[in-house]
Amino acid sequence: MTFDLSFLGTALWTAAAKIPATLALAAVPLALGTLLGLPLALARFFRVPVLGKVIQGAVTLIKGIPVVLMLFVFYVVSADAFDPLMQSLGLSLTFRDFPKSLIALAALSIYAAAALCEVFRGALAAVPPGQFDAAAAAGLTRAQVLRRIVLPQALPVSLPMVSNITIALLKAAAMGSVVAVVDVMNAAVIAANANYRYLEAYVAAALIYWGLCFALEKAFGAGEKVLTRRVRRAA
Amino acid sequence: MPHEPILEVTGLRKSFGKTPVLTGIDLAVQPGETVALLGPSGSGKTTLLRCLNFLERADAGTLRIEEQRVDLRHAHSKQILALRRRTAMVFQNYDLFLNKTVLQNVTEGLIVARKVSKDEAIATARDVLSQVGLSTRLDARPHELSGGQQQRVGIARALAIKPAVLLFDEPTSALDPEKVQEILDVIRAVAQTGMTLLIVTHKMGFAYEVAHRVVFMEGGEIVEQGTPAQVFGAPKQERTRQFVSRFTEGKAPEYFI
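Heads up: the sequence lines are chains X and E, in that order. Counted from 1, the first sequence has number 15 at position 16 by numbering that gives the first Met the number 0; the numbering is strictly sequential. Counted from 1, the second sequence has number 146 at position 147 by numbering that gives the first Met the number 0; the numbering is strictly sequential.
Treat the hints as calculated values from the structure; they're not laboratory data. Quick reminder that beta carbons are idealized off the backbone N, C-alpha and C, glycines included. You may find that some hints are simply not true.
Covered stretches of chain X (in silico footprint by chain E; criterion: 3 or more residues with CB under 8 Å from a CB of chain E, positions within the stretch not fixed) [stated by the list, open to error]:
id: 1; stretch: 120-131
id: 2; stretch: 136-142
id: 3; stretch: 147-154
Using the sequences provided together with the hints, build the complete structure.
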């Protein structure tokens, strides 16, 4: 078996066209996960009665499920529920019209929210307790304490872990193929289906993922530098 | 004293779990008075101070500062906020806002909590920072300052808001011996401006010289209080005598003729 360099080029080109899809499958869950994960982390950090425990349980539950399993469950549930729901709404849409990428986005977002909740909780715990005391003693409201003093110190601490989660999301997006979502990985495989040159297709996908992850790591590293320059622990 | 106390706390109780920490504290502080809280570690001095601005929630008692009176156990967040804005606190570990410059550390409580205009806040901040001898490091970050400098900023931050009562929680405990005197001098100067100070300290010499009144605490209660000359020179309680003896021994000839 020879390695077909020209097909590698073709596969690279085909798969690269789906970079925006892969980026969206990482970026949207990252954004939604942050939006959800931060309040959840705050509720846990401040030990809000009942809610804190519920969140703790839910996070443990979600962390214990493979993402691919969550994708299957979401797929099956939405496949069962979509047609009856549309009928009852009087719409002539079927599950065929349902954008499957929503399933991938939902599953990845839930995974991201659980992971980010833990990350932000850890970052909040890294802020010295005296910062909370001093800000409260200065007469700031709890929201002001968080917005002006605590979060600007906690978020830079969380960045390396957020970077890790983003990269994990980017790669987890490849699992979207199980619910028929076409991203970089899936596009490469589809290209190879025509001539069975899967190795070339896989290498092409790997090259693209390497490039994306490398760029992401650099970007987060730069962001971390900017943010931590201002907030360094006092000696 | 002829004045109505500016701060008055009655029946303050506090436990951590099943461990009682404060077992019924009554204390009144007059306007312009400097009160030193002395006592061995674990006597509840710091907890008392932290209950006064709700950094700890007391189990019982009432607190009045100026004209605002609250129930320490049941005060709700609005009351707590209003009460906190009548006090300021200087911390043992300085606890400067690590994400702010020296100037911003001082203006934060003015601009954000008290809605003072930015220009006015900066003018006040420059004023108090020069008062503590730090007018040249306005744009420095806390990590660029020495411990002594950080504590000066801590004091400036507290002075800026012109609190009814200024609370000091062992302000020199984290400093090296050389810097201790420097900070004590700053606090002495503040006391002389007529501000009301409540100071938790282990520096008995300082308490003797600067405080108008010394309050000796042990086991979660006030054992004895009086002028420094009374408490150090002629303590009524045996426990107080033991505690202050380490300070007065050998010094008695100079101090108590």
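Status of the hints after comparison with the structure:
no., hint, verdict
1, 120-131, "holds (count 3)"
2, 136-142, "holds (count 6)"
3, 147-154, "holds (count 4)"
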